[in-house]
Amino acid sequence: MKKINKNSLNGFINYGIVIAAFVILQAAIGMGRLSNSLQSLLVPACCYIVMAVSLNLTVGILGELSLGHAGFMSLGAFSGIVASILLQDLVPMAPLRLALSMVVGAAAGALGGVIVGVPVLRLQGDYLAIVTLAFGQIIKNIIMVLYVGVDENGFHMAASSDHFNLSADGTAIIKGPMGAVGVTKLASFTAGFILILITLVVVQNLVNSRSGRAIMALRDNRIAAESVGINVTKYKLMAFVTSAALAGAAGTLFGLNYSSTVASKFDFNTSILVLVFVVLGGLGSIRGSIIAAALLYVLPELLRSFDIAEYRMLIYAIVLILVMLATNNEQFTALMGRVGGWFKAAGKRIAGWLKSLGRTESKGKGGTTNG
Amino acid sequence: MAEKKQFEKGKMVPVPSHSIIPERDLGTSPILECSHLGIDFGGLTAVNEFNITVGRTEIAGLIGPNGAGKTTVFNLLTKVYQPTRGTILLDGLDTHGKTPSQINRMGIARTFQNIRLFNNLSVEENVKIGLHNQEKYSMFSGILRLPKYWRQEKAAHERALELLSIFDMQDLADHQAGSLPYGAQRRLEIVRALATNPALLLLDEPAAGMNPSETAELMENIVKIRDTFQIAIMLIEHDMSLVMGICEGICVLNFGQIIAKGTAEEIQSNPTVIEAYLGKQQ
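Residue numbers (my numbering), protein chains in the order written: chain R, 1 to 371; chain A, 1001 to 1282.
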């Protein structure tokens, strides 16, 4: 019989890893040890970590395959950019404006999640994968032809440049295939770090609550879950919409990190990239998603700076295959378990040694008093 | 059904003997009434003219040869299948058009012939999922860990251990449900069903795969559950020692039709039942 560790401690370890990584990286930036190109990767890496953790909620914890997670990121990115520009005069404080834009982005992601989820999550089978795949493409193509701008007459939105009658001194926010241009960069590494922490709090606390247990029950056995009175559609939708909202917030952060963003950035490949992070990190493992997303996002960019730049995607593919082989190999996982065991044993031995040291000392003392 | 039954360990309440046969029911209204219940799959009539009444604290048995439609009856009662004909009244309320989860909230809990646990979760989590509808905090109090969350989670933890103690399983609380031995998995399924606070508990072959001493223990526990929780229990079982030992009313099904109803003695001497099980005497 197998024992299950209490997962509350696991959750705290995840917060610890994220906080430690943030402190170390901030210190490295402060000491000038981090190159500019690496520094520019920090915010997108944060976005991809949030994407991976949120997708894990759908794929690993709810057990439904979603192939359009980038679509929710796209919704969040463009609605967040529009919100940040509209709020420019109202909210002069940049961090607050970023936070408000992220709320708007999360709301847009959640709305997308509801629109996709309500009809599809009632069905059983792989329909969600098919529909989310299409959803990602649809969102991309809609934003490719969308024109959004603001001038003294108010807010303008059109589906082609002919109908887009913005006055000469108005600001165009989204210009069809050119995407969003002239964006004020509001994103910062600290904001990304806070977003990761919020994501972890939401996902981990959700999983360890009544609702999270219902979601995992649906994954393990839908018929049994129904037989104990769990509303299937409600909890599927809850997990899926939460996942989409977090992806929307990550999208806003991503969009506000660049002066221009095009819709084709959030295509099928991005969805699959995030899915790869989740699968390689381990389905249902939050820590796995964080580590896989951070390493596998930074790796190809790091390889770019070496002489082997031409082969970087080849090396990246090989690394992916190796990770996949390693995590599915019993001998490898057993080895990792043994390594963990060594550390534990070593820790115990050191603790025992310290204890015995203390004991001999006190014994020695006892001896002298007796004498 | 609305009032919550509190389980107190070791407190036995004497129960009047009820029966499937309505004339023998003592005063109280029955918990379950099925009339003219039936279902067709395409052209095949799987269950037909199924009429049964189960008393509030009765232990009823549903027996019959393989393929007689016993599990189909359970699936009809829990609305896994929507019946083609007939009505099911639970505590006087019509269950027409309800979903399986609504049926559970109305008061029917069940176990499955092929065990259906939440295999990746711990034993305690399995029971807590059974307690799902008795915990009342929202998703947001869960995420923000408001005081309501801590209060109700603590109560759920204690209640889960209390329920597990019926089968002396409280020490297994941290184990993975899928890794338990077969017998323990069957018992956990019963505990999970009980956690939903049912008025009627349906057990689908609870003794399958158990040895005689385990079966004897299970029989004691089924009676104990009925006495402590004051609920009706209906069970499908092939082990005749269990059925004849604890069921107050027995219903025999063959080819989707009820062929006999009555007490253990009546069933044992019924020629139609003997014929269904052993074939015609030459």
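For the record, the hints were derived by calculation from the structure and aren't laboratory data.
Please note: incorrect hints may appear among the correct ones.
As the list claims (entries may be wrong) - Only some residues are given here: those of chain R computed to face chain A with a beta carbon under 7 Å:
{"no.": "1", "residue": "Gln88"}
{"no.": "2", "residue": "Ala217"}
{"no.": "3", "residue": "Asp220"}
{"no.": "4", "residue": "Asn221"}
{"no.": "5", "residue": "Thr233"}
{"no.": "6", "residue": "Lys234"}
{"no.": "7", "residue": "Leu237"}
Bear in mind that the values here come from a model prediction, so they are computed numbers and not experimental data.
All residues carry an ideal CB built from backbone N, CA and C; glycine is no exception.
*Checked against the structure, which of the hints given earlier come out wrong?*
Numbers 1, 5, 6, 7, in rising order.
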